[in-house]
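Chemist: Position chain B relative to chain A; hints supplied.
From first to last, the protein sequence lines are chains A and B.
Counting along the first sequence from 1, when you hit position 200 you're at 512 in our numbering, and nothing is skipped either side.
Counting along the second sequence from 1, when you hit position 227 you're at 539 in our numbering, and nothing is skipped either side.
In short, the hints are calculated from the structure, not lab data.
On a predicted model such as this, the values are computed, not experimentally measured, just so you know.
Any given hint could turn out to be false.
A pair holds if it fits inside one copy or across any two, identical chains being indistinguishable in the list.
[As the list claims (entries may be wrong)] DSS-like, lysine-lysine: derived pairs with alpha carbons at most 30 Å apart: (1) K353 <-> K629; (2) K464 <-> K628; (3) K579 <-> K473; (4) K418 <-> K353; (5) K569 <-> K579; (6) K474 <-> K367.
There are 2 protein chains.
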Amino acid sequence: MKTVIIGNSGHVNYAFRGAEVNPDIKICSAAPGIAEEDIGKLQGAVPVIYTDYKKMLDREKPDIAVIASHFYINASIAIECMNRGIHCFTEKPAAISFSDLDLLEKTQKSSGVKFCAMHALRYEPAILAAHEAVKNGLIGIPWIINAQKSYKLGTRPDFFKKRSTYGGTILWVGIHALDWIYWFSQSPVIEINAGHTAAGNSGFSEMESSCLIFLRMQNNAHASCSLDYFRPAGALTHDDDRLRIAGEKGIIEVREKNALVLLHDQKPFNLPLSAERSIFSEFAESIAGESKLLTGADEIFTVTRLALYAREAADKKQPVFIS
Amino acid sequence: MKTVIIGNSGHVNYAFRGAEVNPDIKICSAAPGIAEEDIGKLQGAVPVIYTDYKKMLDREKPDIAVIASHFYINASIAIECMNRGIHCFTEKPAAISFSDLDLLEKTQKSSGVKFCAMHALRYEPAILAAHEAVKNGLIGIPWIINAQKSYKLGTRPDFFKKRSTYGGTILWVGIHALDWIYWFSQSPVIEINAGHTAAGNSGFSEMESSCLIFLRMQNNAHASCSLDYFRPAGALTHDDDRLRIAGEKGIIEVREKNALVLLHDQKPFNLPLSAERSIFSEFAESIAGESKLLTGADEIFTVTRLALYAREAADKKQPVFIS
Chain A
313 MKTVIIGNSG
323 HVNYAFRGAE
333 VNPDIKICSA
343 APGIAEEDIG
353 KLQGAVPVIY
363 TDYKKMLDRE
373 KPDIAVIASH
383 FYINASIAIE
393 CMNRGIHCFT
403 EKPAAISFSD
413 LDLLEKTQKS
423 SGVKFCAMHA
433 LRYEPAILAA
443 HEAVKNGLIG
453 IPWIINAQKS
463 YKLGTRPDFF
473 KKRSTYGGTI
483 LWVGIHALDW
493 IYWFSQSPVI
503 EINAGHTAAG
513 NSGFSEMESS
523 CLIFLRMQNN
533 AHASCSLDYF
543 RPAGALTHDD
553 DRLRIAGEKG
563 IIEVREKNAL
573 VLLHDQKPFN
583 LPLSAERSIF
593 SEFAESIAGE
603 SKLLTGADEI
613 FTVTRLALYA
623 REAADKKQPV
633 FIS
Chain B
313 MKTVIIGNSG
323 HVNYAFRGAE
333 VNPDIKICSA
343 APGIAEEDIG
353 KLQGAVPVIY
363 TDYKKMLDRE
373 KPDIAVIASH
383 FYINASIAIE
393 CMNRGIHCFT
403 EKPAAISFSD
413 LDLLEKTQKS
423 SGVKFCAMHA
433 LRYEPAILAA
443 HEAVKNGLIG
453 IPWIINAQKS
463 YKLGTRPDFF
473 KKRSTYGGTI
483 LWVGIHALDW
493 IYWFSQSPVI
503 EINAGHTAAG
513 NSGFSEMESS
523 CLIFLRMQNN
533 AHASCSLDYF
543 RPAGALTHDD
553 DRLRIAGEKG
563 IIEVREKNAL
573 VLLHDQKPFN
583 LPLSAERSIF
593 SEFAESIAGE
603 SKLLTGADEI
613 FTVTRLALYA
623 REAADKKQPV
633 FIS
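Same shape as in the complex, but just chain A (with noise of 0.2 Å):
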């Protein structure tokens, strides 16, 4: 499977961690999405650095394109891929507006590639054993989640500071958050309210330094995302995630790296982590026919329109009905 790599603003580690459990994967070269970003940490690291892209596909002929430039111009960037005939393993969110997502979605069905975004955090050895556990009925039905992420505000780019480059803190960090609680529910999503500010981001213009998603599902279930930028940088870790759901039988819990089960009949216990899986090799090794997809594209455009209904709800501060 030949793999070029467009950008690198995003997490391109999980192609270099694919090609390391996969031998199929041959990662050729690399190129920046867009003239002004800076690939120079790819050198290296790729045998060939491009300077264009699209130069980049005619000569390599690639099976695979890893994208992963400023979010804004990913979804464009996929859809030249997809026009010839390359399968896209995308930077998430796989699209900022909802023009980009239907136009990239339309584009990936006529084209036939295959398509996945970085939807990786449902790839954590402790989600992946919780989910496991739910989908077995540990817990009885979800009727509540509640996921949280909440990051150190760190160093980042400038484009970060614009809603037109950025898309949204909702969009960048949210989606993981939907994506769990779109993957755990047993329903489907038929109402979003939600609320973003930048007040407190630390200098960093329009991006959101805390969000709150309010999810209704059709069976009455509920779920609330918890966003925010505030993780002191005197905390042990870079992240503070957490997915909590709680159910007539029980509360599976993730949170550092561990899944806590209560039930009612014994005391509380972790669920043995999953074994460690690769996403961008189980991307290759879909595209080849082996498998299905832990995370199939239609799924991630149905989470990248919640992600997107969620900011409209937050702007608008109005909820969205998903009818």
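Modeler: Relative to chain A, chain B alone:
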């Protein structure tokens, strides 16, 4: 301060605790709030048991009534007491309908008696410590607040099974979380959305097993309350109460009776816990004019109204906008 107890379906232990620490408080008698209420457990704990609380009020002429009968009747009993010039310390929620609450508030103002409901979780030493820290600016303006109340279901009286006698889980459990948020937030609530379901309630009929509340503040801060009766019997403690407050300068999280602080320039640490305080003793002192109550009547009415709005939003599956 001559004190009587009406009903034994709530937290009358706050009154006994107050009498322990404040020798001015004399609990002289008790009566059921309604004929079918069993107050047998108060036998021996108070000198005299009456069968009719109105006769008790006529005979004893108390300074204070502690009211904790079935939830639907507490507002009416308080109004009866207020009309006799008796100060009221009542179980929360202060009322389970807007009309009861309006009449209660009107009667309290016209009668001039002191009024407090058992919003006692403000008095948890970790919560008091966290509030003091937030008030003093330790974490900056709170931009996102997440509250959780998760209870073991255990055995509960039959009147929990009907909305008309119970009021709803948002009112019974959620009011504590809303009280925290109201107290910690530095801006008024302008929008409440909510959801609740009785699904998975182990046969408790109309009683909601889980609820989620979304709050938008005027200053664009946001808050969530996650409420459930799903805490399994196997868990170590009855409740899993949490309150997380995040701002630009740091995060405070109250959990398991401690208040953990994360700041940018130091390692995580627990706040020194505040000294134990008795809500009922302080209520008695406020009557004597010796102190200002932490939970004044106007705040009780405001928070109860928030809970009623949240229940309305959950029932209608539509946000309530508060002007």
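Chemist: Decide, hint by hint, whether the structure agrees.
Modeler: Going through the hints against the structure:
For a Cα distance limit of 30 Å, the shortest separation of K353 from K629 qualifies neither inside one copy, at 41 Å, nor across copies, at 50 Å. Taking the shortest alpha-carbon separations for K464 and K628, only the intra-copy value of 27 Å comes in at or below 30 Å, while the best inter-copy value is 38 Å. For a Cα distance limit of 30 Å, the shortest separation of K579 from K473 across copies, 29 Å, qualifies, whereas the shortest one inside one copy, 47 Å, does not. Proximity of K418 to K353 under the C-alpha cut-off of 30 Å is found in neither arrangement, the shortest distances being 34 Å within a copy and 69 Å between copies.
With identical chains, the CA atoms of K569 and K579 are at most 30 Å apart both within one copy (20 Å) and between copies (20 Å). Within a single copy, K474 and K367 get their C-alpha atoms as close as 29 Å, which meets the 30 Å cut-off; across copies the closest is 70 Å, which misses it.
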